[in-house]
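The hints should help you fit chain B onto chain A, whose structure is shown.
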Amino acid sequence: DTAVSQTPKYLVTQMGNDKSIKCEQNLGHDTMYWYKQDSKKFLKIMFSYNNKELIINETVPNRFSPKSPDKAHLNLHINSLELGDSAVYFCASSQRLNEQFFGPGTRLTVL
Amino acid sequence: SQQGEEDPQALSIQEGENATMNCSYKTSINNLQWYRQNSGRGLVHLILIRSNEREKHSGRLRVTLDTSKKSSSLLITASRAADTASYFCATAPLDPDKLIFGTGTRLQVFP
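Protein chains in written order, with my numbering: chain A, 1 to 111; chain B, 1001 to 1111.
Next up, chain A with everything else stripped away, as it sits in the complex (with noise of 0.2 Å):
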C-alpha cells in the first residue's frame, strides 16, 4: 500500500496556466510538506501544515497555494505558472519531528 501517493507523476502545461498537485498520505500522520527540487537537485522545503493548519511557509511567492482539506490532504495550486517554476514538487508526511515519508513526485514541466 502506497505510504504517501501524488497526482499527476508528469505535468506538463503552458505559461500562465493553472495546475494543481494532489497529496494525501495514509499513514495517519499530523504533519505534511511540500518540497521543490530544482535542475540542479536542491531540495528545498515550501510549505508544512500541522493538523490542518500552516505552519510553514518559506517565502514562496502566493502564485502558490497550499490547501489542506483534512489531516491526510495537503494539495497544491499553483496560478500564472512560470517557465521558473519546472521542477519537480515532494509531498511528505511525518509525525513532528521524525522522519519523513515522501510520495513519488511530481515533475512539473511549464512551456
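It is possible that part of the hints are untrue.
Example chain B residues on the side facing chain A (calculated, C-beta under 7 Å, incomplete) [to be verified]: (1) Gly1042; (2) His1045; (3) Phe1101.
Calculated from the structure, these hints are not laboratory results. Small disclaimer: the values here were computed from a predicted structure and weren't measured. No residue lacks a Cβ here, since even glycine has one placed at the ideal position from N, Cα and C.
Frame of chain A, contents of chain B only:
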C-alpha cells in the same frame, strides 16, 4: 543560505569498498537525517540521529554526529551496485518542524 553542504559532491567506488559522505550544517538541530534518492524517484529515509547521540548503526550504514563541529558522516560498508543513488543529509532545527537539506552526494558503485 541555511542549506547544508555535503562532501564530496560525487563519489565513484567499486563494489565491496566502503563509501563515506560528509555533511556540514549551520544551525542548532533537534536531529539529523540521511535520505537516499534513486534517479527519478522519491526520497527514502535511511537513518535519524538525535542531537544527543554520537553514533548510530543500521545494517551496513553507520552515521556519526558531532554537534560541536556541526557535522555528520554517513558510512556505507561493503557497497553494492544497488547502492548507486544520491544521498542527502537533512537537519531538523529545534523549531519549526521542517527539514533543511544538504546539497547531496551522488554515489556510483561499479560492479
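What are the numbers of the hints the structure violates, in ascending order?
Going through the list in order, the structure violates no hint and respects every one.
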